[in-house]
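Asker: Single-letter residue listing:
Protein chains: 2
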Amino acid sequence: MTDSWVNSAEILGSDLPLELSGTGNRRAVLMAALRDAVRSGRLAPGTRLPPYRSLAADLGLARNTVADAYAELVAEGWLAARQGSGTRVAERAVPVTPVHRPRTPERAARPVHDLVQGQPDPSVFPRTAWLASARRALAAAPDDAFGPGDPHGRPELRRALAGYLARVRGVRAAPERIVLCSGAAHGLRLLAEVVGGPWAAEEYGLPFHRELLASHGVGTRPLHVDADGARVDGLTRRDRAVLLTPAHQFPTGGPLHPARRAAVVDWARATGGLVVEDDYDGEFRYDRQPVGAVQGLDPEHVALLGSVSKSLSPTLRIGWMVLPQRLVASVVAVKGEREQWSSATEQLTLADFVESGAYDRQVRRMRQRHRRRRDQLVAALERRAPHVRVTGIAAGLHAVLELPPGTERSAVRAAAWQGLAVEGLADYLHPGAERAGRAEGARGASNAGPAGPADAAAGVPGRDGLVVGYATPAESAYPEALEALCRALPPG
Amino acid sequence: MTDSWVNSAEILGSDLPLELSGTGNRRAVLMAALRDAVRSGRLAPGTRLPPYRSLAADLGLARNTVADAYAELVAEGWLAARQGSGTRVAERAVPVTPVHRPRTPERAARPVHDLVQGQPDPSVFPRTAWLASARRALAAAPDDAFGPGDPHGRPELRRALAGYLARVRGVRAAPERIVLCSGAAHGLRLLAEVVGGPWAAEEYGLPFHRELLASHGVGTRPLHVDADGARVDGLTRRDRAVLLTPAHQFPTGGPLHPARRAAVVDWARATGGLVVEDDYDGEFRYDRQPVGAVQGLDPEHVALLGSVSKSLSPTLRIGWMVLPQRLVASVVAVKGEREQWSSATEQLTLADFVESGAYDRQVRRMRQRHRRRRDQLVAALERRAPHVRVTGIAAGLHAVLELPPGTERSAVRAAAWQGLAVEGLADYLHPGAERAGRAEGARGASNAGPAGPADAAAGVPGRDGLVVGYATPAESAYPEALEALCRALPPG
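So the protein lines, in turn, are chains A and B.
1 is the number of the first residue of the first sequence in the numbering used here; add one for each residue after it.
493 is the number of the first residue of the second sequence in the numbering used here; add one for each residue after it.
So that you can see chain A by itself, here it is in the shape it has in the complex:
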């Protein structure tokens, strides 16, 4: 290490990359260039980077762009920041916890164990049943299915989903008010464009969703989350929409309290705001009937987003929006004049997959599998770390392990040291959330109408916790992953 820093030419090569002067996502481009420089060895571990202000001036970029890129690369493990010593290339500059980055050898070293939430085990994709549906769907498809697609989506799939969602999620969904898309993220983009900002969002949530909204000009304001879910009494007339995960607050784990469900619908009716219900894992509830979707309470004020990414595979790129009637034409118009994204042959195949009952069978199989894994996780913790409280386990594909204050970062780092990719609650916290406020508002303090007792399985993780996804590892690798997890936990 030296005390001086590298200059921009040493980072990016002698020419200013063409793309850095584009109108697009300069932060992403700069991040890619920096990762490249580290990966290729052009920047050795320990190398000191210029202060973000000077790199920004050098490259003609906004200071925030460079500051954000540095911050994210620190979060990904490529860079390290220390008080008084500036930002340096990390000593072990291989991200072991790629937060939302594909885990392929081309982009990052693969950790040995993967307990990052969000993905089902890819080995359980029902290849044979899917092919059988494809065969029937292609045989039955009308010719126009192979022409330019209607952005509304194939009617066959909209009909199939309308029936399924009514039956399983209590959604009131005429096929006309379903618009198909390439996934929940695509749905969010479309709603951002149609509805405009600002939105309120749960203080804990996917950073990817917040960033995506921001890139469409929609800022999000954090809503406190306590044991009963989001504090919807914090909504105002200024919020044009609120993004919620009512079935299973993501990632803290509780369902939204019935009184709050009613309250958020009242807010929408009174203000004309929109409730955006991200029903990301509503089908996976283990100990009793799934909580129905809020959408069923008032289809004219709730837009429900769903996809097959958790239940089947994120590879198919099929999602859906169940919309208030008044938004349907606008969302379709904003989507484009033809279908540019989702494959119609996949849409038809999924329609058959749902109608034939194969989807129900797959969900059932996955539910059993996830429940077994959850039980294994709980048992391992009881045995090896009984002092660690585990919450959010009534549903979903992940749980939250509460940690003593101030230990989360160390636990994540200890996990990485064990070759285990796992994330902390801090990875999901809205940058605008007030830590003090959260602490005060936590655990049961609810003023959204007559609040009942909190869901026993849910909890408020306080400030520190690990978000443990138990769906991803292959069957054979799971026990060892749990072993590595227990070793990474702070002693009781």
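Because the hints were derived from the structure by calculation, they are not lab data.
Hints may contain errors.
What the hints assert, rightly or not - Estimated spans, in silico, between C-beta atoms of each pair: (1) A:A474 - B:R651: 33 to 41 Å; (2) A:P155 - B:R905: 28 to 36 Å; (3) B:S615 - A:A426: 51 to 59 Å; (4) A:P155 - B:S848: 31 to 39 Å.
What the hints assert, rightly or not - Partial list, derived from the structure: chain A residues whose beta carbon lies under 8 Å from chain B: (5) F125; (6) L131; (7) T315; (8) D360; (9) V363.
As the list claims (entries may be wrong) - Every beta carbon over 12 Å from chain B, so not counted as near; a handful from chain A, in silico: (10) R27; (11) S182; (12) A433.
We put the beta carbon where it would ideally sit given N, CA and C, even for glycine.
Starting from the structure of chain A, add chain B where the hints point.
Answerer: Then chain B, alone, in the frame of chain A:
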């Protein structure tokens, strides 16, 4: 008809739609609302709309937004504008020539005959061969194919395309520099974000592409088009990229002259600009070997865009970009951290389809079919309208019929009257193109280096012409469509 106009409440209902105050595409939303109002009968034929200024003030929209929406709805046939009489709901407010609108009963009355360019006959999709590829691909796929996708695209398909494009299009494409996307439009979006504006573009081209670039902040400046293709001598240092259709200028029909191919690469080398080669129908050339891609001349300065939308089906949503190495990381970064668009199962199926030779067979079959249709078109014109010159027939899925000055609009209208959807050249002209300049620069006047003789099959359509797509109609409907076309042509 009355002399007063309706007010905004009569148009949009009593509540201002939520979505009109969004940050998104307000023009699209307003257009959807106006179409709805007409379709539902709320606005009767002949109803006079408010002047765009007053509707804009009423709704709090920019004047341009409303003016553009009016203009597009006039172009689509929903509204009619007459000097001194303002804008009214068209007497027969059913668009018969939906320019880039899905031709589904839900959105517009279907014309009897369809000679709008752009789409292969959907009935020729090779269902059996596609399914066979799907079966092999799903059986062979590694488990990780069903996990979150790498935005670079499946390596299996990138390898298959690298071989195919080298063999058929003379493209120099290592799999590493291919990035998969959901179609050429998606590729354009990504390049717009990475490269930034302004771009130059052929004065004739897809309005959809220009609008898409504009919506990503990239303005386009028109380049004259003559018998040798785009006048690339009009490129300057200010242009960051140029969008070209070198194989078959869209829609006028000629290939880019060899001297101009060399000249455009020289421009890119000298200025650091990027040549964006839209290879939209490069595989379909009838009378001799296809013209190779410009990309083969200099892979470091040309980005080639291609897709299966013309060769196979627009329904699959698979396209590719072959990029200069320096752009690959940035384009992948801008695409997102995971694959959000293209289905990996479809990518794998296409990889097998290409590797197994099925794609070559399909292209061969389509080429024979299109050539036969082109010959039928030429024969019908020789018989019924020998005074009409037909150009751009050496390749592609459409031809241009030159018309006497001032007759194009009438011919399009006469065709609509026959139930025939067909477009005029004016539908493709860049709004910034200067008519006088085009006329002067036309026919052979080239100063892009030592110009040889123009391609015999190509021509400059002058100012008026019909763009006739001959690929879409079903086999049985084609002769009648040609009959309707001949009836719509001006007498000799």
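Asker: So, for every hint listed, does it hold in this structure?
Answerer: Verification of the hints:
1. A:A474 - B:R651: 33 to 41 Å: violated (26 Å)
2. A:P155 - B:R905: 28 to 36 Å: holds (33 Å)
3. B:S615 - A:A426: 51 to 59 Å: holds (56 Å)
4. A:P155 - B:S848: 31 to 39 Å: For P155 of chain A and S848 of chain B the Cβ distance comes to about 32 Å; the hint holds.
5. F125: Because about 4 Å separates F125 of chain A from the closest Cβ in chain B, which is inside the 8 Å limit, the hint holds.
6. L131: Where the cut-off is 8 Å and the nearest Cβ of chain B is about 6 Å from L131 of chain A, the hint holds.
7. T315: holds (4 Å)
8. D360: violated (19 Å)
9. V363: It is violated, given that the least Cβ distance between V363 of chain A and chain B is near 16 Å, above 8 Å.
10. R27: Non-interface label on R27 of chain A violated, nearest chain B Cβ at 9 Å vs cutoff 12 Å.
11. S182: Label violated. Min Cβ-Cβ 5 Å, cutoff 12 Å.
12. A433: The claim holds: A433 of chain A sits with its nearest Cβ about 23 Å from chain B, beyond 12 Å.
Hint violations for this structure: numbers 1, 8, 9, 10, 11, all remaining hints satisfied.
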